[in-house]
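Student: Construct the complete structure from the given sequences, taking the supplied hints into account.
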Amino acid sequence: MDHFSLWLAAFLTLGIISFLYKDNPWYKLTEAIFIGISAGYWVVTLYWDNFYGKFWVNKGEEPTLWIGAFFGFLMLLRLIPKVGWLSRWPLAFIVGATSGLWLMNYFASNIMVQVQATIMPLFSTGYGTGFDADFATIVANFVIFFGTLTGLVYFFFSKEHKGAFGVGAKIGIFFLMITFGASFGYTVMSRMSLLIGRIDFLFGDWLGMIQ
Amino acid sequence: MKNIFSIPILVCLVISIPFSIFAQEKQSDSLIETSKVIAEPATSLIVSDYKYDNGNSLKLNWVPSIDDQLPAGKVTGYELFRSVNGGGFERIAEFPPQKNSFQDDKVEIGSSYVYYIDALSKDTATSSAKTELINPEREWFNAGKIPLLIMALIIAGSIFYFIETARRGKTLFVRKIAGLEAIDDAIGRATEMGRPILFIPGIQDMDDVQTLAGLTILGRVSKVIADYDTRIFMPVSRSLVMTAGRETIKAAYQSAGRPDAYSDDMVNYITDEQFGYVAAVDGIMVREKPATVFLLGAFFAESLILAETGNSIGAIQIAGTARPAQLPFFIAACDFTLIGEELFAASAYLSGEPKQMGSLKGQDVGKAIALIVILIGVIAATFSTAWDIAFMTSIYDFFTTIFSVSK
Chain A
9 MDHFSLWLAA FLTLGIISFL YKDNPWYKLT EAIFIGISAG YWVVTLYWDN FYGKFWVNKG
69 EEPTLWIGAF FGFLMLLRLI PKVGWLSRWP LAFIVGATSG LWLMNYFASN IMVQVQATIM
129 PLFSTGYGTG FDADFATIVA NFVIFFGTLT GLVYFFFSKE HKGAFGVGAK IGIFFLMITF
189 GASFGYTVMS RMSLLIGRID FLFGDWLGMI Q
Chain B
62 MKNIFSIPIL VCLVISIPFS IFAQEKQSDS LIETSKVIAE PATSLIVSDY KYDNGNSLKL
122 NWVPSIDDQL PAGKVTGYEL FRSVNGGGFE RIAEFPPQKN SFQDDKVEIG SSYVYYIDAL
182 SKDTATSSAK TELINPEREW FNAGKIPLLI MALIIAGSIF YFIETARRGK TLFVRKIAGL
242 EAIDDAIGRA TEMGRPILFI PGIQDMDDVQ TLAGLTILGR VSKVIADYDT RIFMPVSRSL
302 VMTAGRETIK AAYQSAGRPD AYSDDMVNYI TDEQFGYVAA VDGIMVREKP ATVFLLGAFF
362 AESLILAETG NSIGAIQIAG TARPAQLPFF IAACDFTLIG EELFAASAYL SGEPKQMGSL
422 KGQDVGKAIA LIVILIGVIA ATFSTAWDIA FMTSIYDFFT TIFSVSK
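Protein chains in written order, with the numbering used here: chain A, 9 to 219; chain B, 62 to 468.
Don't read these hints as lab results, they were simulated from the structure. Take the hints with a grain of salt, since some may be wrong.
Which chain B residues face chain A? A few, computed with CB under 10 Å, are given here [said to hold, decoys possible]: (1) 216; (2) 385; (3) 388; (4) 401; (5) 409; (6) 428; (7) 449; (8) 450; (9) 461; (10) 465.
Cβ pair distances, simulated, as ranges [to be verified]: (11) 185/B / 72/A: 22 to 32 Å; (12) 104/A / 115/B: 14 to 24 Å; (13) 54/A / 289/B: 32 to 42 Å; (14) 161/B / 72/A: 41 to 51 Å; (15) 113/B / 72/A: 20 to 30 Å.
Within a straight-line C-alpha distance of at most 20 Å, the following computed EDC-like cross-link-like pairs (lysine to aspartate or glutamate) qualify [what the hints assert, rightly or not]: (16) 36/A / 349/B; (17) 167/A / 402/B; (18) 170/A / 369/B; (19) 97/B / 184/B; (20) 237/B / 213/A; (21) 90/A / 321/B; (22) 167/A / 425/B; (23) 36/A / 334/B; (24) 167/A / 414/B; (25) 62/A / 165/B; (26) 30/A / 349/B; (27) 170/A / 425/B; (28) 191/B / 242/B; (29) 350/B / 39/A; (30) 120/B / 193/B; (31) 191/B / 140/B; (32) 62/A / 266/B; (33) 416/B / 402/B; (34) 30/A / 369/B; (35) 206/B / 166/B; (36) 90/A / 325/B; (37) 178/A / 402/B; (38) 160/B / 198/B; (39) 428/B / 168/A; (40) 231/B / 168/A.
Keep in mind that this is a model prediction, so the values were computed, not measured. Every residue gets a Cβ at the ideal spot worked out from N, C-alpha and C, and that includes glycine.
Tutor: Next up, the structure:
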């Protein structure tokens, strides 16, 4: 990296970090540069990747691409107020298709596969293996079983969380919170590596204090 | 004289030595050859497309080698080889003796396949004839998804039943969801403080169901905002979400009888770049100081940055996402969090319309079925594995078959 690029990168990095103190002109400048460049970059990327790369190059071979192009054209009609309502058609198509496709995906992964995966013997390492599980495996099996069961109870909306049902729901949210806590710690650690990367750039590449 | 006869005999003997050695070697070779165990190959190897699938299976059948007889046949097993698109043959499976069929589930539409099978004996492998070239095909109906269809029909039937029940005037009970109960209060707070409301629909496009769920809640939120005459601002990172967001808010303002108060400036596109968008939204938060922030949709690494900035300006924050990795950050930094399913239940809960309430109750039927099946299934699997009880085994097999889904 040449000197100018190095100093510019350091200047912009510190500009973004300066937000930790408070909103300031340096941050505003860095923010505007970041947004402007990234928005421009995405316009160019979408043009070359989608319009040119997917449609223009293959328009003769794939007649179905014209359907997408037609919908894209309808979206542009928003710019003409008189016929702007036509842009709702591609939106309706996207919303409808998304709902339909995701319905079955969610149904398969969140219900069918999860139920099948949870049906397992509690004192064994697998189905048909006898009493072969050690203590840790038995605990893990019980956690999966009760965690899934009580989690389902928590997300059951048709019954008030009272009495035995309420206890089940409370255990369910207990399981959820432990899971979230573990996930929180795990993700924070991965974010720390991003911070270390920036500090390494500032003190290593820029200031040369880390060899 | 004696030498005259002996010399040619000697010469003949010398000449014959290599031949005799060669003959002996050949004899010993043939002895080894006959002692090797050679099995006859498998025959009639036929490959056919697996019917009523997604185009990802081919079915192979063959007649086992005539030397494949239990208990002491020559065949020790089989090896199946496959060539993809005219490439070299690679071994893809091994079988024990007596096996005569196989389903290859690792094929793709658009590729062509040729197979042959080796019958293995103690010393050698004998190959069958190669199959014809075949391309897997996708059928209109995927039989592997019949269990999915049955479950979908049960839940859809429940939804229709509950919609009809609600239409007949019966009140359908839905428990309180704290995050959704707080929406009106949060908007009221912004109105009292004279500050705007910030609505962030995540960073995914309209092909993400979480974005759709977020926009559904936006419709309800906008209607209340229009009633209260409060300001709303919605920065987005996808152009289609901008269009859909504008349409949603516009429709809400119209239904509230305030079409004049609507402006396209309420929804603005920032950038598709994840952290560029975050930098802009953070800036908006500290400059505009919204009283209420909604974070409803699909979020990734930006979730904590946004929620923490919202927290630092003292805004009341209602967040919701179905991404488990981001929920902990919302729970830590926001006042109310809609966890997964609660986000999708929001539209029905907020509207209270019979149609939507029926769908919510129908989903609960699905959860109840899952709950019962898991409970019985785990008991059956445990008893079946521990004590080999036939009745329990049949229950376990039934449930695992019903809840299996092919690709």
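Student: Can the restraint linking residue 62/A and residue 266/B be considered satisfied, given a maximum Cα separation of 20 Å?
Tutor: Since the Cα atoms of residue 62/A and residue 266/B sit roughly 19 Å apart, the hinted pair holds (cutoff 20 Å).
Student: Is the hint on residue 401/B kept, meaning its closest Cβ partner in chain A is under 10 Å away?
Tutor: holds (7 Å)
Student: With the threshold set at 20 Å, check whether the alpha-carbon distance from residue 30/A to residue 349/B stays at or below it.
Tutor: Answer holds: residue 30/A to residue 349/B is near 14 Å, not above 20 Å.
Student: Are residue 191/B and residue 242/B close enough, with their CA atoms no more than 20 Å apart?
Tutor: Violated: residue 191/B and residue 242/B sit about 68 Å apart, past 20 Å.
Student: Quickly compare the C-alpha distance for residue 170/A and residue 369/B to 20 Å and report which way the hint goes.
Tutor: Measuring from Cα to Cα gives roughly 34 Å; hence the hint is violated.
Student: Take a quick look at whether residue 120/B and residue 193/B sit within 20 Å of each other, Cα to Cα.
Tutor: Cα-Cα ~13 Å, so holds.
Student: Just tell me: holds or violated, for the beta carbon distance of residue 185/B and residue 72/A against 22 to 32 Å?
Tutor: Since residue 185/B and residue 72/A have Cβ atoms about 53 Å apart, the given range 22 to 32 Å is violated.
Student: Can the restraint linking residue 97/B and residue 184/B be considered satisfied, given a maximum Cα separation of 20 Å?
Tutor: Roughly 6 Å separates the two Cα atoms, so the pair holds.
Student: For the pair supplied as a hint, residue 350/B and residue 39/A, is the alpha-carbon distance within the 20 Å limit?
Tutor: The hint holds at about 18 Å.
Student: Once the shortest beta carbon distance from residue 428/B to chain A is found, is it less than 10 Å?
Tutor: Result: holds, 5 Å to nearest chain A Cβ.
Student: Please check whether residue 465/B passes as an interface residue: C-beta within 10 Å of a C-beta belonging to chain A.
Tutor: With a minimum Cβ separation of about 6 Å from chain A (threshold 10 Å), the hint on residue 465/B holds.
Student: Between residue 30/A and residue 369/B, does the CA-CA distance stay at or below 20 Å?
Tutor: holds (14 Å)
The structure is inconsistent with the numbered hints 8, 11, 18, 20, 25, 28 and 38, although it conforms to all the rest.
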